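A.B. asks: Here's the letter readout for the chains.
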Amino acid sequence: MNYTFARRLISVAAVAVLAATPLVAEEWKPEKPVEMVIMAGQGGGADRLARLFQSIIQKENLSNMPVLPVNKGGGSGAEALRYLKDKSGDNHVIMATLNSYYTTPLRTDIGVNIEDFTPIARMALDTFVLWVNADSDIQTLDDYVAAVKASGGAWKMGGTGTGQEDSLVTAMLEKEFGIKVTYVPFSGGGDVARNLVGGHIDSSVNNPSEALGFYQANKLRPIAAFTPTRIAAFPDTPTMGELGHDLVYWMQRSFVAPKDMAPEAVAFYTSMFEKLNASQEWQTYTAEKALLAEFLTGDALQAYFLEERAKHDALLKSMGEGS
Amino acid sequence: MLIADRLIAAAIMAMSAYFMWHATVLPIGWNGMTGGPGGGAFPFWLSAIMFVAAGAILVRSLRGKSDYAGDFFDPETLRSVVMVIIALFVTIALMPWVGTYIALPLFLIWYIKIFGRHGWVLTLCLTIGTPLFLFFFFEVTLKILLPKGLTEPFFVPLYAMFF
Amino acid sequence: MELFGHMMDGFATSLSPFNLMIVILGVTAGLFIGAMPGLGSVNGVAIVLPLTFIVPPSSAIILLAAIYYGAMYGGAISSILLGIPGASTAVATTFDGRPMAQQGKAGLALIAAAVASFVGGTISVILFTLFAAPLADIALAFGPPEEFALVLMAFTTFVGLGGDDVLKTIIMICLGLALSTVGLDLISGQPRLIFFDQPGFYSGISFLVLAIGAYGVGEILYTIETSKSAPSVTPARLTFRELGAGLREMNKLWRTMSFGSFIGFFVGMLPAAGATPAALMAYGLAKVTSKNPDSFGKGNIEGVAAPETANNAASTGSLLPMLTLGIPGSPTTALLLGGMVMWGLVPGPMLFIEQPDFVWGLISSLYTANFAAVIVNLALIPVFVWALRMPFTVLCALVLILCIVGGFAPSQKMHDVWLIAGFGVGGYFLRKADYPMAPLVLALVLGPLMEKSFRQTLIAEQGNVFAFLERPLSASFIAISAVFFLLPLLKYTRSLSCAKAA
Chain A
1 MNYTFARRLI SVAAVAVLAA TPLVAEEWKP EKPVEMVIMA GQGGGADRLA RLFQSIIQKE
61 NLSNMPVLPV NKGGGSGAEA LRYLKDKSGD NHVIMATLNS YYTTPLRTDI GVNIEDFTPI
121 ARMALDTFVL WVNADSDIQT LDDYVAAVKA SGGAWKMGGT GTGQEDSLVT AMLEKEFGIK
181 VTYVPFSGGG DVARNLVGGH IDSSVNNPSE ALGFYQANKL RPIAAFTPTR IAAFPDTPTM
241 GELGHDLVYW MQRSFVAPKD MAPEAVAFYT SMFEKLNASQ EWQTYTAEKA LLAEFLTGDA
301 LQAYFLEERA KHDALLKSMG EGS
Chain B
1 MLIADRLIAA AIMAMSAYFM WHATVLPIGW NGMTGGPGGG AFPFWLSAIM FVAAGAILVR
61 SLRGKSDYAG DFFDPETLRS VVMVIIALFV TIALMPWVGT YIALPLFLIW YIKIFGRHGW
121 VLTLCLTIGT PLFLFFFFEV TLKILLPKGL TEPFFVPLYA MFF
Chain C
1 MELFGHMMDG FATSLSPFNL MIVILGVTAG LFIGAMPGLG SVNGVAIVLP LTFIVPPSSA
61 IILLAAIYYG AMYGGAISSI LLGIPGASTA VATTFDGRPM AQQGKAGLAL IAAAVASFVG
121 GTISVILFTL FAAPLADIAL AFGPPEEFAL VLMAFTTFVG LGGDDVLKTI IMICLGLALS
181 TVGLDLISGQ PRLIFFDQPG FYSGISFLVL AIGAYGVGEI LYTIETSKSA PSVTPARLTF
241 RELGAGLREM NKLWRTMSFG SFIGFFVGML PAAGATPAAL MAYGLAKVTS KNPDSFGKGN
301 IEGVAAPETA NNAASTGSLL PMLTLGIPGS PTTALLLGGM VMWGLVPGPM LFIEQPDFVW
361 GLISSLYTAN FAAVIVNLAL IPVFVWALRM PFTVLCALVL ILCIVGGFAP SQKMHDVWLI
421 AGFGVGGYFL RKADYPMAPL VLALVLGPLM EKSFRQTLIA EQGNVFAFLE RPLSASFIAI
481 SAVFFLLPLL KYTRSLSCAK AA
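Residue numbers (UniProt numbering), protein chains in the order written: chain A, 1 to 323; chain B, 1 to 163; chain C, 1 to 502.
Think of the hints as simulated: they come from the structure by calculation, not from any bench.
Note that this is a predicted model, so its numbers are computed, not measured.
You may find that some hints are simply not true.
If you want a taste of the chain B side facing chain C, the calculated C-beta under 10 Å gives, among others [claimed, not checked]:
id, residue
1, Pro-37
2, Phe-72
3, Asp-74
The beta-carbon is built from N, C-alpha and C at its ideal position, and this holds for glycine as well.
All chains, please: the whole structure from these sequences, using the hints.
C.D. replies: Right, here's the structure in full:
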């Protein structure tokens, strides 16, 4: 009894200390359930991650009101972006984003400017790895490039929908090595990994989390990582940089809020994600899934978004995407 | 009946034409470069088949080769159907504005009391019971929020109580 | 017998009093969620998933299995009673279930659905137990060409069956396929058919919206018109004696049900296909092999049993690629997969080796949940049948409300509710003019799969159309499709020649 009381006292004190730093944070609390819009359909990587956040929030009691995930994956996130635009000034909507947050408005004019939205927190950066089937003879990047060249354009690269991250990484590869592949779009990363294992495609640029199970069963082989330093989960896989090619690509997992959200509410959500970032579950998850938990908030995050948007703009233009 | 058959066939033709026009935004041909049909090909050619088939029905009915007899609508009950459709549309239009918990009970009162001519006891039981069920089943249990519109502020204490 | 030992451990945990209570609660909740038009196992699983972090993991798995099964059973209930397929997997159940309910045999249809689901579930769980690991490789052999051929086969089992006006059937199929292309074109990544620039169309037209509109609202308008001033109440009664008679009736359906279970399990196991094509193929096969195929669609009990065994078997089958390959075959399994990741399990080929406790615990929970589901379902049938005895005007009002709310719930967009109303009115007119509804709904369900796999194949094979025939699996599926397609033509010409000879 005494022990629990003491523990409770400590935790109360801890909360008080936490709360004291950003003074406004404790003043505002959601008064109704918070809608967490997900920019992707049910079952994808982004969806799974958003639901993981939801369950950690619930388990750790980070919000007094439930956070309810709603999928609005239509049009590569165009639907979600338009929805968030219409929710301007709403304090009870946040959105889980991925890279389509900048690519979708760049590719099609949907009347949304992401500068208007309020950045909340960047939770993680997901990495990309070049994969081949473990039965193939390809061991190194050089083998890979040679094989693709030998195929004369018939090399089947699988990935998510055209214009999404996988196709951008593929375009970067093509440009860097002067190769040409046949890009086959699938509806999700898991689908891509399965088709690679089944031998229906020749290579993929899956996120590690999508291919991890197959990798552990020795069905897929990582060739190179699109990261500046080696991924902890794949210590033997060289980075593109080590091999002399400046290819780095990230998938960001962030949260944004509608335009004109009250500053108190922004402070609440920011501190909620800060606590989430510090939670044990999240730290274990990121370590296991080869995610980089690089937490970023506020103006720094907005600057990051705009910088990434400019990079993607250049990338899309170089791909000759106009049709 | 014959006239209705023709009208519906003509409407389908118009709709197919509209679909075809929309589909032409994306390439509709066989694209050799990407291998296979373009993004607009499926909707375009399917709508084209639909257009032709509806045209065939129209021609068939114009030739008088139809075994339909009698009126398309039952004149006795047509009025009820139209009334229900109007009520349904009004209810849906009201939902985002005055909220689910006003629009749906209004619909129930209209349907059960005025349209169905049932007694007040049954009407009131259902008009009070249904929103309660919806609130506890959808919102509290399934955590699916229904549109509240103007009534949003009245729900804040309820949220505090049940979530 | 390592397997046997694992199973026994699993049963021991799943049969503890606390877990039994959880199973019954889960199944009942699942049953009601599934019975609600618009809601299905996805919603059930989504709600309990966060809860699973509070209860012990073994109970969490059981709770999920119970909700999953309960919702699968429940899907048949709205198909039969209201004629609204609550989930795409239950479309085929409406074809004969609804006519049976209209003939006052709702109770019998519900019993058939429950028993068939139980049989399907049981057979597939047994198949799962015995062959889980080797079967995973078959799923891997399925690439885009095979997916296309399979969907084509599911389609032809239906097209070949049509008894309606051919032109009208063609129109409805094309309309369904055209509507299925609304939204995003995956291959080019461009939006298409965004009517009136409404953002709601970006996510396409969901099957549920069309089904609730055309079947739910459309059906009600149609009934209002045909029922004239004297509202007819569907006569439905159910006593224990009838329950017994129903069970005996089911005894004659072993052939149909075992066919259905096998088709369901194997098709459900394929990552892309899932339970919907499985149910359709089982229905088609039952009709083709039946002695009097004409009675199908008019309230044949086999027409309820076949798709129900298949869709339940398929939902068990679809757990297989999820566990062994980490690929979800349906939104529900995708959520389950998410849950597993959160519990720190890595789905994939290693799962069976590294986490046998989990795998066999899950399988024994499936046995328990399936058993509990059939009992709870049978016990609740009188309640559901009783609901049909409400005065017609009350029932209509309540069903319309369910259509509105059930249409809103999955996507939480008013846009979908408007579409439901639109499809309802449109469907009502089309139905009056004798346009068949089933091909429309089926085309919408199968269309996206078909287009996607067709175009993926062509891209991968540099536009070579014969790629479909060069691979043994897909070639044989296409051959079967051709047979299904030509069968009615053959029968037709034979009947013509017979008529001439006579």
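A.B. asks: All the hints need checking, so say for each whether the structure fits it.
C.D. replies: Each hint tested on the structure:
Taking 10 Å as the C-beta contact cut-off toward chain C, the hint placing Pro-37(B) at the interface holds, the least distance being around 7 Å. Annotation: interface hint on Phe-72(B) holds; nearest CB of chain C at approximately 6 Å, less than 10 Å. For Asp-74(B), the interface hint holds, the least distance from its beta-carbon to any beta-carbon of chain C being 6 Å, beneath 10 Å.
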